[in-house]
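Visitor: The lines below spell out each chain.
2 protein chains.
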Amino acid sequence: MVSWGKSLRLEVIGVQGIPLIKRGDNIARLLVEALKRMGENLRDGDVVVVSQVIVSKAEGRVVKLKDVKPSLRARVMAERLGREAEVVELILREAEEVLRFRDGHLITRTRQGYVCANSAVDLSNVSGGDAASLLPLDPDLSAEKIRKEIRKLTGRKVAVIISDTFGRPFRLGQVNVALGVSGMEPIHDRRGEKDLYGRKLQVKEIAVADELASAAELVMGEADEGIPIAIIRGYKYKRSRRPGGRRLIRPGEKDLFL
Amino acid sequence: MVSWGKSLRLEVIGVQGIPLIKRGDNIARLLVEALKRMGENLRDGDVVVVSQVIVSKAEGRVVKLKDVKPSLRARVMAERLGREAEVVELILREAEEVLRFRDGHLITRTRQGYVCANSAVDLSNVSGGDAASLLPLDPDLSAEKIRKEIRKLTGRKVAVIISDTFGRPFRLGQVNVALGVSGMEPIHDRRGEKDLYGRKLQVKEIAVADELASAAELVMGEADEGIPIAIIRGYKYKRSRRPGGRRLIRPGEKDLFL
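One line per chain: the protein sequences are D and L, in this order. First residue of the first sequence: 1, per the numbering used here; consecutive thereafter. First residue of the second sequence: 1, per the numbering used here; consecutive thereafter.
Some clues are possibly wrong.
Identical copies go unnamed one by one, so any copy, or any two together, can satisfy a pair.
Said to hold, decoys possible - Listed next, the in silico EDC-like pairs over lysine to aspartate or glutamate satisfying Cα-Cα at most 16 Å (straight line):
id, residue 1, residue 2
1, LYS254, ASP103
2, LYS200, ASP130
3, LYS6, ASP189
4, LYS236, GLU79
5, LYS64, GLU205
6, LYS6, GLU193
7, LYS200, GLU144
8, LYS69, GLU33
No wet-lab data here; the hints were simulated from the structure.
Okay, chain D solo, but in the shape it has when bound:
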């Protein structure tokens, strides 16, 4: 568990029975209780993937639209986007930079550094449509807090990933990615390993935290199923104390694709 290992069999387990989350809720405790009702327990080495929206709710990162005063800029953009000015105001507040603004879409770099649609401001699964969830201010810290609380409650050493579904360039559809990572290295750097023929791998840095988030999404579903947490069991990751999510963000000036 302390380093990358061979994992020939993984399990991905959706956690049933997590209640609707309110500000101040202890997600680690609710997880442990839900697992107990399922007849399950956390084990050392499990990866716990938590959907961003419940973390945002527990941290109070939810804003009622009626409490938002849109700026002139937000109102003008909202008109062109065909969206509510209050929502656009929140998108702009969460944006470090607006990267694209056309065809009814806003692509921004958020204050945390993620590039995504609408600063990930989301009206789904928050309330009937009169409030929006914002990303946690520091998803790595959110992940660390949940990891430490799990350790306190159960004694188990796990890794925690805070995930959200993001669109991406070049490919259609959204995939779940890792915003916050605690307890593991987010990237498996395999450069220098030998291939099947003894030749050194040149380029091979696998974003395993994103792949774990994607695997978790297959059982999660953020909508009516209400499975906001999944456990991945059997993956032998390398443990790390460093915040991991921010290390998955490609610095703009190093972006070969743009």
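With chain D held as given, fit chain L onto it using these hints.
Guide: Then chain L, alone, in the frame of chain D:
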């Protein structure tokens, strides 16, 4: 199995004992034999994820570098990239379009439509470095052939994904994506479904084939472990007869991120 279903528990199983693949090899047969040695069998509804490199080898999409005559353009670019002119020649031949060429990197749109580094021309796991693998000419067709052969050999209805690890903009590290897909819908379109509060989801098209490819990578590893195939069991996908990989490619003119 005929439509999207609730899947609370998945297994991801790395297939051991696949031999080194040669041109003309029957991957479906080698898979069935390897599973038998593991005491496993395919089941209806399994998703079989196959690493691109063994498909390319079986299809003869491997080129000896000494048989490649580099053009003047390839030689000039190779000089600037610090790479072998023969490899750059292959990258250019596989490219529909060169999108970026700087800092020692070539980003292309391949003839199949994928945007990736170096047209996915790869010297790893092919030989000692004197040959390169090229992507299958039509990964959807490659997936379909393997799926049909599995059906013939075992009677089992499975989905097949041909995968490769690609870099991506905005985020560091590579993730496994689905190049070819047969037997399933590659995208779970959840628009119109209701959220936890009865509000209709606005934007929710999950690229589940990419997420399945990413989940598979966690047990695959393309290097010395030699696990080029993984089975995902328990995921309730929607069956489809339409080629799926090409439907994950975002048309350039619709790319909101660029």
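Visitor: If a hint holds in the structure, say so; if it doesn't, say that too.
Guide: Against the structure, the hints:
With identical chains, the CA atoms of LYS254 and ASP103 are at most 16 Å apart between copies only, with a shortest distance of 9 Å across copies and 27 Å within one. Proximity of LYS200 to ASP130 under the C-alpha cut-off of 16 Å is restricted to the inter-copy arrangement: shortest distance 13 Å between copies versus 55 Å within a copy. For a Cα distance limit of 16 Å, the shortest separation of LYS6 from ASP189 inside one copy, 15 Å, qualifies, whereas the shortest one across copies, 34 Å, does not. In the homo-oligomer, the alpha carbons of LYS236 and GLU79 never lie at most 16 Å apart, since the shortest distance is 50 Å inside one protomer and 41 Å across protomers.
For the homomeric pair LYS64 and GLU205, neither the shortest alpha-carbon distance inside one copy (41 Å) nor that between copies (26 Å) is at most 16 Å. Proximity of LYS6 to GLU193 under the C-alpha cut-off of 16 Å is restricted to the intra-copy arrangement: shortest distance 14 Å within a copy versus 39 Å between copies. In this homomeric assembly, LYS200 and GLU144 never come within 16 Å of each other (Cα to Cα): the closest approach is 35 Å inside a single copy and 33 Å across copies. In this assembly of identical chains, the alpha carbons of LYS69 and GLU33 never lie at most 16 Å apart, being 40 Å within a copy and 65 Å across copies at closest.
Checked against the numbered hints above, the structure breaks hints 4, 5, 7 and 8 and satisfies the rest.
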